[in-house]
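Peer 1: Position chain B relative to chain A; hints supplied.
As you go down the protein sequences, you meet chains A and B in turn.
First residue of the first sequence? That's -2 in the numbering used here, and the numbers climb one at a time after it.
First residue of the second sequence? That's 24 in the numbering used here, and the numbers climb one at a time after it.
Calculated directly from the structure, the hints in this document are not laboratory data.
Glycine included, every Cβ here is placed at the ideal spot set by N, Cα and C.
One or more of the hints may lead you astray.
[To be verified] To be clear about the criterion: a stretch of chain B counts as covered by chain A if any three or more of its residues have a C-beta under 8 Å from a C-beta of chain A, and this derived list gives those stretches: (1) 199 to 210; (2) 264 to 270; (3) 316 to 329; (4) 351 to 364.
[As the list claims (entries may be wrong)] Calculated lysine-lysine pairs in the PhoX-like style (CA-CA distance at most 25 Å, straight line): (5) A/Lys202 to A/Lys117; (6) A/Lys356 to A/Lys372; (7) B/Lys164 to A/Lys7; (8) A/Lys114 to A/Lys372; (9) B/Lys39 to A/Lys7; (10) A/Lys117 to A/Lys297.
[As the list claims (entries may be wrong)] Quick list of the computed label-pair ranges, beta carbon to beta carbon: (11) A/Val229 to B/Lys188: 46 to 52 Å; (12) B/Ala176 to A/Arg31: 28 to 34 Å; (13) A/Arg227 to B/Gly81: 27 to 33 Å; (14) B/Ile313 to A/Thr45: 50 to 56 Å; (15) A/Arg31 to B/Ile105: 39 to 45 Å.
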Amino acid sequence: MELSTGVREKNLIQSRVAVAALGGGFLLLLLLTRLFWLQLIETERFQTASEANRLQTLPVGPARGLIVDRNGVVLAENRPNLQLLLVPEEVPDLDQMIAEVRQRIEFTDSDAERFAKNLKTRRRPRDPVVVKDELSESDAARIAVDLFRFPGLQIEARPTRFYPYGGLTAHSLGYVGRLSLDELKSIEESRYAGTETIGKLGVEKAYEDALLGQVGVERVETSARGQIMRSVDRKDPIPGADIPLHIDIGLTAKLYDVLGDNRGAIVAIDPKNGGILGLASAPTYDANSFIGGIGQAEYKALQVDRDTPLFNRALRGQYPPGSTIKPMLGLVGLHYGAVSWKTEISDRGFFQLSGNDHKYRDWKKWGHGRVNMDKAVIESCDTYFYEMAVRLGIDQMSEGMQHFGFGRRQGRDIQGDLPGILPSREWKRAARNQPWYLGETVISGIGQGFWVTTPLQLAAATTAMARRGNFIEPHFSVLEDVDAGAPVPLGESMDWERMIDAMEDVLHGERGTARGAARGLNYRIAGKTGTAQVVSIGQEDEYDANELEERLRDHALFVGFAPADSPSIVVALIIENGGSGGSTAGPVARKIFDYWLLDRNEGSRPPDTNYVTKINQRVLEPKHADSN
Amino acid sequence: MLTATETGHIESFRPKRFAQRYGVDPLLTLFVLVTALYGLIILYSASGQSLSMVIRQGAHVVVGLGVMALLSQIRRDVIIHITPFVFMFAALLLIAVLLFGVGAKGAQRWLALPGLPRFQPSELMKLALPAMVAWWLTRHKLPPSMSQLAIAAVLIVVPVALIAKQPDLGTSIIIAGSGFFVIFLAGISWRLLAVLGGLGVAALPVLWMVMHDYQRTRVMTLLDPQSDPLGAGWNTIQAMTALGSGGMFGKGYAEGTQAQLKFLPESHTDFIVAVLGEEMGFFGISVLLILYALILGRCLVLTMRAQGNFGRLLSGSITLTFFVYVFVNVGMVSGVLPVVGVPLPLISYGGTSIVSLLIGFGLIMSMQRTKRVLSGES
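One chain only, chain A, in its complex shape (with noise of 0.2 Å):
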């Protein structure tokens, strides 16, 4: 039968359609099979997947243990710092990105240049870089608002270092900087995971071990843009331990105060133990503005002044020693036989070695005529010790010199010291190449030469002295108290109490040359003098110091301890270019021992915050660099 053609018109059409619903019904399947799969079979690969999206582990750096000195003063600690920080990675224009941030915060040029040197620093990759420090809640807030438009971009309130007494504390303390990429080939660097700071300098350096702590791990669930939603669990990092400094910050704010406008330095111990009281550099600068990253005109201008603030004189600043050194010198020369307490000679003025006309100058144009060892040390003879010198020959002076701690590095934990010079034949021969002169003996008896010292040497050398023989090495904390030190073996224990009555009497006798700082002095103070010549003096020229340009006067020095028979401190001190020992440096200590024994209160005293104000504003103004 014929079929009409609408019915096989619509015949064909519905076969079609049930072609077509066979077709997609097989495709259906096929999806739901591969749901299946998904959803059924490989779930667990999946779920791991999520998980791995969804949390991420964070670790969380520990507090920096802080620093405190003997009266538990806190010397460095741990601020709140609201920070803008930047994951450079993440940032898609970062030129836009500030520009966005000037428009919400105030954003100075400073901060600018500040920020562009943070960025160029090297650093591990996404540790985020500081756009700017110490955030107001208001700025932060301002930023915090938008903060989910700008990728990269985050707001972290981070415990940033503070040297509450600033300068008077950088020269010791040092401070801690961002870590440098250099730097982390040397540490173990899962251990500063949470922590992008370490310890540059000082203290800060020496205890970094214990001072950093240990990382804690929290774990986060974190949003695709990396926004941390919650704390899924926590170990909480362990802060650092605290070290404690011998240091006592009201005899430190004391040292910059008697130093004053002058360049020089001030090392102060304790000679119980070894431990360093105060530790002056002058001029200083405040360690805080190293914390950040510090701004490049701020670095120059520093690093330009011709007063140094930045050079660490008591550890670094190397001087010859000048007569300061002549107690310790006698002691050797009495121990090799040299000369005996009761050798005298006849001083006119001047020495000459045999067959030679050169005349080695006695600071005391006519003389001291007859001149015993007492007598030398009191007036600082020069021509008893050019004298003893010759006697006792370069090799065993140096040899006897050595065990008061010159000519190396002081060790423990002591930071950037430098080793000074302790003159011998083998020294010369090693740095220079050439054989010793018997003149150079001569000179070297009188701490001139090629002598040269840090404060610090200088320091620890007189501990030597109050500790009537014995040797202990300087440090900072109370954690290097370790040890009773090494016997000097120079000597008898008489030979240390009389040159010790020697050393009283540069300030209580007659003649002394600090007799004048000894005035009305109800306690005994056991010291030397010292003058060290920045420039030699020709043969017969008058030496005035007027005439020469303040820069090429002479450095005043001063070591000594008190009270003289129990000490319990000593000093050992520096003005650069301050003239004379006895008539700058010798007023100078004085004050200090006053401070020590008279003014200071036991217990703990810290300096007046306007002090410490007035200390740094020489730092945040830094003196215009000369024009040469």
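Peer 2: For chain B alone, kept in the frame of chain A given last:
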């Protein structure tokens, strides 16, 4: 007093009779409503618990259902009559889009005519094109001859090319498909179909040449998502992770970490099925697929019942296109098809998509109304 026939109506309610008499098909409407409600529930979670979004989407559904009911009332011959004009109008609008269109992300898809809300002319073409092809083929005897097919091909290629140029690859493929379905249902010979298929495969390299870079990247990404896990592969990897980590019953409603922590892109639009899969698992997706199967099944029944060849072809094409939406979207999210911008019908957030789908259903309903009832009422 009730007459016997009227009483019979009340006592034995028959959907078929009801639909054929009043246009609106109760079963299809029910399935659509349930699916849309299911979609609203998913959307609430997928939008990050945004009630306002759910309310707006609900409004889209209500408006769409209204338009559907309205369209189901239009007489079939009216629709046939206006088809060429609607088609021409839609084509003109597409040209206007290329000339004056506005858009985002480098694509011009929208037309902002003064006094009218912004809209995408391609949405109109989604229905106008299959209707036009059906109109053309039913003017002659079926199956169509070669020359009729050639003209039908031109009717398909021109608008598809215009849309592809916007560029909107997803829509142009869907529209090309809807035109092709009409030809297929019209009874194109299997042999010719095989030849065309062969030509199509041969043309793939050409297609590759004319594709935009980002489109090529999407294809490459499908083949190896791990080649660029943070860039092009991100969407696919995150969607598969979301689905896979859902397991049988999911992580719990609004508890999907992939979705809620925003690892999942476009979670409330194109990738919404991944949210469903993550939070309600294989079970939740199966429920959705069953709902779709019910809708499709009902549409097929209505297609079978459609009056006239035009009605059959148009209904069939709309049904198959709806299926393609489901297949392409779920296929894309589950990583078997490249990422193209195709929403999940009735579920993805967006008014245009929902309203145009329901217009299609309205047309299907209109096609199965019997003349008798229409004339009986007039």
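Peer 1: Indicate whether the distance between the beta carbons of B/Ala176 and A/Arg31 respects the range 28 to 34 Å.
Peer 2: Holds, at about 33 Å.
Peer 1: Straight-line Cα separation of A/Lys114 and A/Lys372 no greater than 25 Å?
Peer 2: 60 Å, violated
Peer 1: Per the coverage rule (Cβ-Cβ under 8 Å, at least three residues), is the stretch 264 to 270 of chain B covered by chain A?
Peer 2: holds (count 7)
Peer 1: Take the stretch 199 to 210 of chain B, compare each residue's beta carbon with every beta carbon of chain A, and decide whether three or more fall closer than 8 Å.
Peer 2: holds (count 5)
Peer 1: Range first: 39 to 45 Å. Now tell me if the beta carbons of A/Arg31 and B/Ile105 are that far apart.
Peer 2: 42 Å, holds
Peer 1: Count the residues of the stretch 316 to 329 of chain B with a beta-carbon closer than 8 Å to any beta-carbon of chain A: does the count reach three?
Peer 2: holds (count 5)
Peer 1: For the pair we were handed, A/Lys356 and A/Lys372, check the Cα-Cα distance against 25 Å.
Peer 2: 22 Å, holds
Peer 1: Do B/Ile313 and A/Thr45 keep their Cβ atoms within the hinted range of 50 to 56 Å?
Peer 2: 30 Å, violated
Peer 1: With the threshold set at 25 Å, check whether the alpha-carbon distance from B/Lys39 to A/Lys7 stays at or below it.
Peer 2: 19 Å, holds
Peer 1: Count the residues of the stretch 351 to 364 of chain B with a beta-carbon closer than 8 Å to any beta-carbon of chain A: does the count reach three?
Peer 2: Since 5 is at least three, the answer is holds.
Peer 1: Go ahead and decide if the range 27 to 33 Å is satisfied by the Cβ distance of A/Arg227 to B/Gly81.
Peer 2: 32 Å, holds
Peer 1: Given the hinted pair A/Lys202 and A/Lys117, is their alpha-carbon gap at most 25 Å?
Peer 2: 24 Å, holds
Against the hints set out earlier in the document, violations occur for numbers 8, 14.
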